[in-house]
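A.B. asks: Chains as they are written, first to last, in this note's numbering: chain A, 1 to 224; chain B, 1 to 141.
Accuracy of the hints is not assured; some may be wrong.
In silico DSS-like cross-links for lysine-lysine, where the CA-CA straight-line distance does not exceed 27 Å [said to hold, decoys possible]:
#, chain 1, residue 1, chain 2, residue 2
1, B, 118, A, 55
2, A, 7, B, 84
3, A, 28, B, 81
4, B, 84, A, 40
5, A, 40, B, 136
6, B, 37, B, 136
7, B, 136, A, 28
Here's a subset of chain A near chain B, in silico, CB distances under 7 Å, partners left out [as the list claims (entries may be wrong)]:
#, residue
8, 38
9, 40
10, 44
11, 47
12, 206
Okay, the calculated bits of chain B under chain A, using three or more residues with CB under 8 Å as the criterion [stated by the list, open to error]:
#, segment
13, 44–51
14, 54–60
15, 118–127
Calculated directly from the structure, the hints in this document are not laboratory data.
Because the structure is a prediction, the values reported are computed rather than measured.
Every residue, glycine too, gets a C-beta built ideally from N, C-alpha and C.
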Amino acid sequence: MIVGEHKPIPELLSAIEGLDTILMVGCKGCVSVCNAGGSKEVAILAAALRIARKKQGKPVVIDELMLDRQCEPEFIEWLSEPVSKKKYDAVMSLACGIGPQYIAEAFPGVRVLPGLNTSFMGGTLTHGIWAEYCSACGACGVGNFGGLCPVTRCAKGLLNGPCDGSVDGMCEADPETECVWEKIYERLQSLGETDKLDRACAPKDRSVSLSGGPRKIVREDLTL
Amino acid sequence: MNQTFEPEIVVFCCNFCSYAAADLAGSIRMSYPPNVKIIHVPCSGRVDPLTLLKALEAGADGVLVTGCMEGDCHFVTGNYKAKKRVKYIRAMLADMGLEPDRVQMHNISASDAPLFAKTAQEATEMIRALGPNPLKGCKAA
Numbered sequence: 001m002i003v004g005e006h007k008p009i010p011e012l013l014s015a016i017e018g019l020d021t022i023l024m025v026g027c028k029g030c031v032s033v034c035n036a037g038g039s040k041e042v043a044i045l046a047a048a049l050r051i052a053r054k055k056q057g058k059p060v061v062i063d064e065l066m067l068d069r070q071c072e073p074e075f076i077e078w079l080s081e082p083v084s085k086k087k088y089d090a091v092m093s094l095a096c097g098i099g100p101q102y103i104a105e106a107f108p109g110v111r112v113l114p115g116l117n118t119s120f121m122g123g124t125l126t127h128g129i130w131a132e133y134c135s136a137c138g139a140c141g142v143g144n145f146g147g148l149c150p151v152t153r154c155a156k157g158l159l160n161g162p163c164d165g166s167v168d169g170m171c172e173a174d175p176e177t178e179c180v181w182e183k184i185y186e187r188l189q190s191l192g193e194t195d196k197l198d199r200a201c202a203p204k205d206r207s208v209s210l211s212g213g214p215r216k217i218v219r220e221d222l223t224l
Numbered sequence: 001m002n003q004t005f006e007p008e009i010v011v012f013c014c015n016f017c018s019y020a021a022a023d024l025a026g027s028i029r030m031s032y033p034p035n036v037k038i039i040h041v042p043c044s045g046r047v048d049p050l051t052l053l054k055a056l057e058a059g060a061d062g063v064l065v066t067g068c069m070e071g072d073c074h075f076v077t078g079n080y081k082a083k084k085r086v087k088y089i090r091a092m093l094a095d096m097g098l099e100p101d102r103v104q105m106h107n108i109s110a111s112d113a114p115l116f117a118k119t120a121q122e123a124t125e126m127i128r129a130l131g132p133n134p135l136k137g138c139k140a141a
């Protein structure tokens, strides 16, 4: 999933300075799962901003709305009615970075503000803790590494690791992060495939990553 | 400070400990400030951040969450969860320009009526010193 977290309250207060009516829109997709943009988070953030603005003597109306996903045009269309009925000064999206862009493109006359910082693609380690697992490099090679990704999970992104800097299985760059190369070795050992480590891994093809500009996938069999 | 100000304090009491302590305080005729308005919840872990904010937004001058003593929660971890949520909201209050002490967490065992009365007394004094919830009297949007 895409993992995010809400922006600091002072930053959000600064973003809505001078605005009187805001529609805060949550997303029931990834950011709900990581407790950043679900219905409860929308309610908490909206209440926090309302309270802070009331304290400043500049009350603000913040209506709350949830969309099934903000990365699908069909769901963004659901905003048409509330946005046309009430002239909001801004729509604040509590989705990943896709949400505010979709809203901005669908409603040219509407000011759009991001409520979240999109952090990474990752998974849940335990309740309340998420970690990055994928960089969307466009050329997945985890099959060569026991199913684990050194591009994302090694602090140095080494394809021919380890770097010899880990201590007790933990990364030298961050002692709270496991050395993925140690895990890769353990995985390959349990699979009987440590011989894979004898082969030097060629430099990664970066042309399929973001370095080539925004990417697009076209599936002719699915296009209308 | 306005000495006549009587704060309204919402206290979320867990069923198995702090509510029993409040009940016991009443049974043994132990007085505590009438400023505290008790809301009986199954466990302090039932109280989430939104509940705390809503209480303040509705005009409470202070909000207390009272749970079992640490290690004694009937639901094992409810009071630890409540403690973390209160900490989260206190940090958020500071960012919002409100005093973090308006939201507090306390642990009170079922038999400790004196501690409940003392907590109610001290919280009332502390929140009286902070003054009224600044949201009171502010015009609505």
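A.B. asks: So which of the earlier hints does this model not fit?
C.D. replies: Those not satisfied are hints 1, 7, 8, 12, 15.
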